[in-house]
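J.: With the sequences and hints as input, model every part of the structure.
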Amino acid sequence: MASSVWTVGEYLIERLYCHGVHHIFGVPGDYVLGFFKQLCDSPIEVINTCDEQGAGFAADAYARVRGLGAVCVTYCVGGLKVANTTAQAYAEKSPVVVISGAPGTNERHKNPLLHHKVREFDTQFKVFEQLTVAATVLDDPETALCEIDRVFEAALRYRRPVYIELPRNVARATGSACHLRELPQETSDPAALSEAVKEAVARINTSRQPVILAGEELHRFALQPLLAQLIEKTNIPVASTILGKSVFPESHPRYLGVYEGAMGREDVRDYVEASDCLVLLGALMTDMNLGIYTANLDPRRSIYCATEKLTIGYHSYEDVRLQDFAAGLLAGGIERRVDGPTPHPLPLTQFQPVQDRPMTVLRLFQQLNAFLDDETIVVADPGDALFAGADLFIPGKTRFLAPAYYASLGFAVPAALGAQMADARLRPLVLVGDGAFQMSGLELSTVARFGLNPIVVLLNNRGYGTERPMQDGSFNDVLNWHYSRLPELLGTGRGFEVSTEDQLAAALHEARRHRGSFSLIDVHLEPGDLSPALRRMTDSMGQRVRPAAV
Numbered sequence: 000m001a002s003s004v005w006t007v008g009e010y011l012i013e014r015l016y017c018h019g020v021h022h023i024f025g026v027p028g029d030y031v032l033g034f035f036k037q038l039c040d041s042p043i044e045v046i047n048t049c050d051e052q053g054a055g056f057a058a059d060a061y062a063r064v065r066g067l068g069a070v071c072v073t074y075c076v077g078g079l080k081v082a083n084t085t086a087q088a089y090a091e092k093s094p095v096v097v098i099s100g101a102p103g104t105n106e107r108h109k110n111p112l113l114h115h116k117v118r119e120f121d122t123q124f125k126v127f128e129q130l131t132v133a134a135t136v137l138d139d140p141e142t143a144l145c146e147i148d149r150v151f152e153a154a155l156r157y158r159r160p161v162y163i164e165l166p167r168n169v170a171r172a173t174g175s176a177c178h179l180r181e182l183p184q185e186t187s188d189p190a191a192l193s194e195a196v197k198e199a200v201a202r203i204n205t206s207r208q209p210v211i212l213a214g215e216e217l218h219r220f221a222l223q224p225l226l227a228q229l230i231e232k233t234n235i236p237v238a239s240t241i242l243g244k245s246v247f248p249e250s251h252p253r254y255l256g257v258y259e260g261a262m263g264r265e266d267v268r269d270y271v272e273a274s275d276c277l278v279l280l281g282a283l284m285t286d287m288n289l290g291i292y293t294a295n296l297d298p299r300r301s302i303y304c305a306t307e308k309l310t311i312g313y314h315s316y317e318d319v320r321l322q323d324f325a326a327g328l329l330a331g332g333i334e335r336r337v338d339g340p341t342p343h344p345l346p347l348t349q350f351q352p353v354q355d356r357p358m359t360v361l362r363l364f365q366q367l368n369a370f371l372d373d374e375t376i377v378v379a380d381p382g383d384a385l386f387a388g389a390d391l392f393i394p395g396k397t398r399f400l401a402p403a404y405y406a407s408l409g410f411a412v413p414a415a416l417g418a419q420m421a422d423a424r425l426r427p428l429v430l431v432g433d434g435a436f437q438m439s440g441l442e443l444s445t446v447a448r449f450g451l452n453p454i455v456v457l458l459n460n461r462g463y464g465t466e467r468p469m470q471d472g473s474f475n476d477v478l479n480w481h482y483s484r485l486p487e488l489l490g491t492g493r494g495f496e497v498s499t500e501d502q503l504a505a506a507l508h509e510a511r512r513h514r515g516s517f518s519l520i521d522v523h524l525e526p527g528d529l530s531p532a533l534r535r536m537t538d539s540m541g542q543r544v545r546p547a548a549v
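Letter by letter, the sequence shown follows residues 0 to 549 in numbering that gives the first Met the number 0.
Please note that a few of the clues may not be correct.
Below, simulated DSS-like cross-link-like pairs (lysine-lysine); rule was C-alpha separation at most 25 Å, straight line [unchecked claim]:
| # | residue 1 | residue 2 |
| --- | --- | --- |
| 1 | Lys80 | Lys36 |
| 2 | Lys80 | Lys125 |
| 3 | Lys116 | Lys80 |
Everything labelled a hint here was simulated from the structure, so no lab data went into it.
T.: Encoded structure:
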């Protein structure tokens, strides 16, 4: 560090920048304006969004691509708007630093009714204690820098969001140098690790058909290279969960596809479930990853290692880190498997559009599959954007982002903003339904302001297509906007209205050529047209939400 004397705000900025956060998303307000000014005077670029929820989703995507993200808002009216996005980041293990301004400590005498206050001055803090892995109020400059270190350590250790509340009179206060300490290094228990690796290797080597199921924690902890080395050395086939999609290159000959129980491809499901030694690495056992619990995975034949749990059959091991266990497997003498017939995603092929043929979900995603290239990152909202998108052939790693567990609508457009800020080499292909777009699609204004160029494919079925098969009603309908005319409102971008296959082909061609700003392709689909995966999911969930017969 260049200086031993810091203000609290300066040190917080230095810690962000040191950990790779070069952009911060947010909306200003009076309790945080002083810190915003400090940000503007720093190397970190402030990306002020249309709405706080958009900022939260952008920071989440930034963290998934870059390793850490940050969102900065004002007290309560801003902070409570990012409660939803922070909850998603917690559920899906995305390390976002939530920074909220607050009334100054010198303004709280006799508990006055200041604007934005809800009940007590600590109400917002209590909310975020439930949504983060660590939370702090920097109300004492003597301990503030140490507290900043503590919450950053938690974010990076657990890959989950943290909360920092910054009273406005503290931002420019000088902090104490007590923070100058080495952060402890987390390690596995050597005996437990050795025994676990020994048992796992023995099981794998005596198995007939081992399979690795790779999950989202491998994304979060940057363990993709370790996974790739393990596959290259052992030649064991690998599938991914839907939340972990793109954790392993899908062009690799040992990649099977996405496993998601009965919601996924039947050949992948059959191969994974026939395994007599399934090695689950970093996979959260959520209902979505398990195909709304249609998965048939026998724990007796499974090795399950995540950041907070390791079981081999019915044996449990304590204090073994995912990173160390994966490295142990790599070095542990697993015998190399010979090539054999396995499922594999369909390779990219040329798509031949049929003139004047109305668009369908199936043909839309076949055409999008042929459109992808190495610079594309796919960002999908829940619904068919996600479930049909799960079968897209993604050539690179960490090139598919979606909230495939928490499943909050409105993620994709602001997430494209965060993803492209995190890595300017990537061009987002955004897949979003019309209902989700109406929640956060105007973040295209922020996209336009900062000169980004995502291609947004809007699945327009005039409402909430995921919910209609479960329980239909007028509550699933939305107003049919003239989406393709949004560039006229914003003064930049290209808009396309598409009803047929040849129109989509022409729109995608023009969108790829147009690199100076965003493109928005409004694809008209029939309300009842669903992908097979989404139909299977809604059939399962519909049984739970429809009223039972009396």
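J.: Which hint numbers doesn't this structure obey?
T.: The structure breaks none of the hints.
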